[in-house]
Amino acid sequence: GEDVEQSLFLSVREGDSSVINCTYTDSSSTYLYWYKQEPGAGLQLLTYIFSNMDMKQDQRLTVLLNKKDKHLSLRIADTQTGDSAIYFCAEIAGNQFYFGTGTSLTVIP
Amino acid sequence: DAGITQSPRYKITETGRQVTLMCHQTWSHSYMFWYRQDLGHGLRLIYYSAAADITDKGEVPDGYVVSRSKTENFPLTLESATRSQTSVYFCASSELNEKLFFGSGTQLSVL
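Going down the list, the protein sequences come from chains G and X.
So for the first sequence, our numbering puts the first residue at 1; every next one is plus one.
So for the second sequence, our numbering puts the first residue at 1001; every next one is plus one.
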């Protein structure tokens, strides 16, 4: 399978920006995704980006894609306590989805 | 407008018993997937299905059986449950190369 890597933990103070990073391996991926998982819940699609885009902005969320380095990032502006969750990046290759192990974001009030 | 629903939400069973986890989606998505989520392993694909009556193995299929007689249903059966199958199980659906949508999960404990 494909390797999708993320750091495991991130802590930020409320009101600061959070940046969650991800590296992936399949350069032919058409979409790359960010999912959010709150405790005891399923994964919720947060945002996604087409592989031919460099950036996508959606309210407080900014996704940056560097195809050359196969690097994806999710920036959350003005991070709130409700943003505390596990964030997964995922790529799709051959209609198989490959997920990173997730980054646990803790927001400190 | 339920989307994708899983049942039961929680299940406790004993080793050796057969258990079936249910998954139902209302979008008529072609693709359906079963994942298990374990600490330290992230999400691992158990089985997937591209259409009714078409299923294929994922990364960790041993000990599991699936069927897909109707597009909207994709049950997962543990034929003889083992403690190592204690996990949170997620069903998901999508169209070809489109976004993946997840159910709320089934937390299974095998004693």
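The hints are simulated quantities; they were obtained by calculation from the structure and are not laboratory data.
Heads up, a few of these hints could be off.
Below 27 Å or equal to it, Euclidean Cα-Cα: the simulated DSSO-like pairs (lysine-lysine) are [stated by the list, open to error]: (1) G:Lys56 x X:Lys1099; (2) G:Lys67 x X:Lys1070; (3) X:Lys1011 x G:Lys67; (4) G:Lys36 x G:Lys56; (5) G:Lys68 x G:Lys56; (6) G:Lys70 x G:Lys36; (7) X:Lys1099 x G:Lys70; (8) G:Lys70 x X:Lys1011; (9) X:Lys1070 x X:Lys1011.
Take a look, some chain G residues computed to stay more than 12 Å from chain X by CB distance [unchecked claim]: (10) Ser73; (11) Thr81; (12) Ile92.
Note that CB positions come from ideal geometry on N, CA and C, so glycine has one too.
Hints versus structure:
Between G:Lys56 and X:Lys1099, the direct Cα distance comes to roughly 16 Å. Compliance with the 27 Å bound is thereby established for this hinted pair. A C-alpha spacing of about 39 Å is found between G:Lys67 and X:Lys1070, which places the hinted pair above 27 Å, so the restraint is violated. Distance restraint check for X:Lys1011 and G:Lys67: the Cα-Cα separation of roughly 43 Å exceeds the 27 Å cut-off, and the hinted pair is therefore not satisfied. Taking the CA atoms of G:Lys36 and G:Lys56, the gap is near 17 Å; set against the 27 Å cutoff, the hint holds.
For the proposed pair G:Lys68 and G:Lys56, the alpha carbon gap of about 17 Å is at most 27 Å, so the pair holds. As the CA atoms of G:Lys70 and G:Lys36 are separated by approximately 21 Å, the hinted pair is consistent with the 27 Å bound. With a C-alpha separation of about 20 Å, the suggested pair X:Lys1099 and G:Lys70 falls inside the 27 Å cut-off, and the hint holds. At most 27 Å may separate the alpha-carbon atoms for a hinted pair to count; G:Lys70 and X:Lys1011 exceed this at roughly 40 Å.
Between X:Lys1070 and X:Lys1011, the direct Cα distance comes to roughly 24 Å. Compliance with the 27 Å bound is thereby established for this hinted pair. Every beta carbon of chain X lies more than 12 Å from that of G:Ser73, the smallest distance being close to 19 Å; the non-interface claim holds. With a minimum CB-CB distance of about 22 Å to chain X, G:Thr81 clears the 12 Å threshold, and the non-interface call stands. In this structure G:Ile92 is not separated from chain X by more than 12 Å, as the shortest Cβ-Cβ distance comes to only about 6 Å.
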